[in-house]
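J.: Read in the numbering used here, the sequence shown has 97 at position 97, and its numbers run on one by one without any break.
Since the hints were derived computationally from the structure, they do not count as laboratory data.
Please note that a few of the clues may not be correct.
Think about it this way: if two alpha-carbon atoms lie no more than 25 angstroms apart in a straight line, the pair counts; the simulated SDA-like pairs of lysine to any residue are [stated by the list, open to error]:
(1) Lys104 <-> Ala85
(2) Lys109 <-> Ser79
(3) Lys32 <-> Thr16
(4) Lys117 <-> Glu86
(5) Lys117 <-> Gly130
(6) Lys117 <-> Leu3
(7) Lys32 <-> Ala70
(8) Lys32 <-> His63
(9) Lys32 <-> Ala62
(10) Lys104 <-> Arg74
(11) Lys117 <-> Ser90
(12) Lys117 <-> Leu17
(13) Lys104 <-> Met75
Label-pair restraints from in silico Cβ distances [as the list claims (entries may be wrong)]:
(14) Lys32 <-> Gln121: 34 to 42 angstroms
(15) Leu127 <-> Lys32: 27 to 35 angstroms
(16) Lys32 <-> Glu112: 38 to 46 angstroms
(17) Asn71 <-> Arg19: 12 to 20 angstroms
(18) Glu61 <-> Leu3: 28 to 36 angstroms
(19) Met7 <-> Lys109: 33 to 41 angstroms
(20) Glu26 <-> Pro114: 44 to 52 angstroms
(21) Glu112 <-> Asn89: 18 to 26 angstroms
(22) Arg19 <-> Ser90: 41 to 49 angstroms
(23) Gly106 <-> Asp66: 23 to 31 angstroms
(24) Glu61 <-> Ser34: 15 to 23 angstroms
(25) Gly106 <-> Arg29: 32 to 40 angstroms
(26) Arg125 <-> Ala28: 22 to 30 angstroms
Idealized CB from N, CA, C, for every residue including glycine.
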Amino acid sequence: MALPRRMGGRGIPGVTLNRAIALTPEAARVAKRSHLEGDAYLETIDENVEYDSDAHHLSREAHERDERKANALRMMGVSLTTITAEQLNSWSAIDAILDGLSRKGGFHKRLETPDIKQAQQHLWRELLSGRARI
Numbered sequence: 001m002a003l004p005r006r007m008g009g010r011g012i013p014g015v016t017l018n019r020a021i022a023l024t025p026e027a028a029r030v031a032k033r034s035h036l037e038g039d040a041y042l043e044t045i046d047e048n049v050e051y052d053s054d055a056h057h058l059s060r061e062a063h064e065r066d067e068r069k070a071n072a073l074r075m076m077g078v079s080l081t082t083i084t085a086e087q088l089n090s091w092s093a094i095d096a097i098l099d100g101l102s103r104k105g106g107f108h109k110r111l112e113t114p115d116i117k118q119a120q121q122h123l124w125r126e127l128l129s130g131r132a133r134i
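Turn these sequences into a full structure, and let the hints guide you.
T.: Below, the structure written as structure tokens:
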């Protein structure tokens, strides 16, 4: 998300991975904990992006924990985008989600060129294959 567009990223500023988010007392009661950790927090648009892998988010207990986390964040005015394994593995889905986050922040005055879009798709393929060198 944070890499420059010419390198295949989205050029979104203020991305922090695994950021600890302190909760208000009310949100802590809902989440049943005093703080949360966001997968990718986008400071510039107050958005938390969560990856819900099949390995850690399919059980009933995990679903309950995820919903408590989502509700606690929303109570504090933090927007939440959840990306599933299926969405991550679909270029059209992940591209649409990341384009939406970029548009929400209004980060770029110029439209993406075909070369930028091609670089983004190439980076996505490399990241999924584990071959990316950043």
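J.: Are the hints correct? Go through all of them and say.
T.: Now for the hints, and whether the structure bears them out:
1. Lys104 <-> Ala85: 23 angstroms, holds
2. Lys109 <-> Ser79: 23 angstroms, holds
3. Lys32 <-> Thr16: 23 angstroms, holds
4. Lys117 <-> Glu86: Holds - the C-alpha atoms of Glu86 and Lys117 are around 21 angstroms apart, at most 25 angstroms.
5. Lys117 <-> Gly130: Satisfied, since the Cα-Cα distance of roughly 20 angstroms is no more than 25 angstroms.
6. Lys117 <-> Leu3: It holds: about 13 angstroms lies between the C-alpha atoms, which stays within 25 angstroms.
7. Lys32 <-> Ala70: 12 angstroms, holds
8. Lys32 <-> His63: With a Cα-Cα distance of about 14 angstroms, the restraint between Lys32 and His63 holds, given a limit of 25 angstroms.
9. Lys32 <-> Ala62: 14 angstroms, holds
10. Lys104 <-> Arg74: This hinted pair holds, its Cα atoms lying about 17 angstroms apart.
11. Lys117 <-> Ser90: 15 angstroms, holds
12. Lys117 <-> Leu17: OK: Lys117 and Leu17 at ~24 angstroms, within 25 angstroms.
13. Lys104 <-> Met75: Since the Cα atoms of Lys104 and Met75 sit roughly 20 angstroms apart, the hinted pair holds (cutoff 25 angstroms).
14. Lys32 <-> Gln121: 34 to 42 angstroms: 40 angstroms, holds
15. Leu127 <-> Lys32: 27 to 35 angstroms: 33 angstroms, holds
16. Lys32 <-> Glu112: 38 to 46 angstroms: Roughly 42 angstroms apart at Cβ, these two residues keep to the hinted range, so it holds.
17. Asn71 <-> Arg19: 12 to 20 angstroms: 19 angstroms, holds
18. Glu61 <-> Leu3: 28 to 36 angstroms: Holds, since Glu61 and Leu3 (Cβ atoms, about 35 angstroms apart) stay within the stated range.
19. Met7 <-> Lys109: 33 to 41 angstroms: 19 angstroms, violated
20. Glu26 <-> Pro114: 44 to 52 angstroms: 48 angstroms, holds
21. Glu112 <-> Asn89: 18 to 26 angstroms: 22 angstroms, holds
22. Arg19 <-> Ser90: 41 to 49 angstroms: 26 angstroms, violated
23. Gly106 <-> Asp66: 23 to 31 angstroms: Once the Cβ atoms are compared, 29 angstroms apart, the range 23 to 31 angstroms for Asp66 and Gly106 holds.
24. Glu61 <-> Ser34: 15 to 23 angstroms: 20 angstroms, holds
25. Gly106 <-> Arg29: 32 to 40 angstroms: 35 angstroms, holds
26. Arg125 <-> Ala28: 22 to 30 angstroms: Once the Cβ atoms are compared, 40 angstroms apart, the range 22 to 30 angstroms for Ala28 and Arg125 is violated.
The structure fails to meet hints 19, 22, 26 from the earlier list, while all remaining hints are met.
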